[in-house]
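J.: Everything in the sequence shown is counted per my numbering, starting at 35 for the first residue and increasing by one.
If you're looking for bench data, these hints aren't it; they were derived computationally from the structure. Among the clues, some could well be false.
[As the list claims (entries may be wrong)] Now the in silico label distances, taken between C-beta atoms and shown as ranges:
| id | residue 1 | residue 2 | range |
| --- | --- | --- | --- |
| 1 | Pro158 | Phe137 | 50 to 60 Å |
| 2 | Pro38 | Arg185 | 52 to 62 Å |
| 3 | Ser207 | Asp93 | 28 to 38 Å |
| 4 | Gly233 | His72 | 35 to 45 Å |
| 5 | Arg110 | Ala219 | 51 to 61 Å |
| 6 | Ile236 | Pro38 | 38 to 48 Å |
| 7 | Thr42 | Leu188 | 29 to 39 Å |
| 8 | Ala190 | Val82 | 42 to 52 Å |
| 9 | Ile236 | Phe137 | 35 to 45 Å |
| 10 | Val217 | Thr37 | 38 to 48 Å |
Model, not experiment: these values are computed from the prediction. From the three backbone atoms N, C-alpha and C, an ideal C-beta is built for every residue, glycine too.
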Amino acid sequence: MSTPLSPTDRTTVRRGSKRAVTDRAALHALLADALVAHVGVDTGEHPVVLPVAFAADLDGPDDEGTLYIHGSVAARWLNASEATTVCVTITELDGLVAARSGFHHSMNYRSAVVIGRARVVTDPDEKAHALALTVDHMVPGRSATLREPTRKELAATSVLAVPLAEASLKQRSGDPVDEPGDVEAGVWAGVIPVRRVAGDAISAADSHADVPTDVTARAAALG
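Input sequences plus hints: build the corresponding full structure.
T.: What follows is the structure in structure tokens.
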């Protein structure tokens, strides 16, 4: 049985706790929807927060599933992450909330924080699986249409695995929440919806093939 979200003190939502979500399925939905994560690492000299592509394997080998992040073997942040605690955040913006006062302006969003001890994936099969998942997270089904990665490519790439067990999720939706006196003043308030939109796929200048169905399907889904 899956554990609830925020199972530890450091992932327990305190500020804005009414926006906390404890259903782990909501985290899984956000991981499926989002395309970019940010990983926070202490490199020893200073902390860094970097945007990364990611993939999630809900049946992965780590507690409650595995979040995979990849990068260059030469990346200092990635090497500094091995066997240390990292923080990964994933956020989707759904709307700009315009209230009748500056204080009550907000955003509609879904945001997850995953904290866990990172491990460098050394098993060749798991590493290949993680990289294929990352490609398929961008364009579902695409990894099966590509050649196998070369030894040189695999040697140049590191993969970090972070357990999904220790996580928290917050979200906001709906209208602004204004003071009664501000509502009576008659100033407009509302929400500007925000969504990700994809255009038609554009073939590379040296591409000799038609746009494949997996790409057109992905563009349509994002559009």
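J.: Does the structure break any of the earlier hints, and which numbers would those be?
T.: 2, 4, 8
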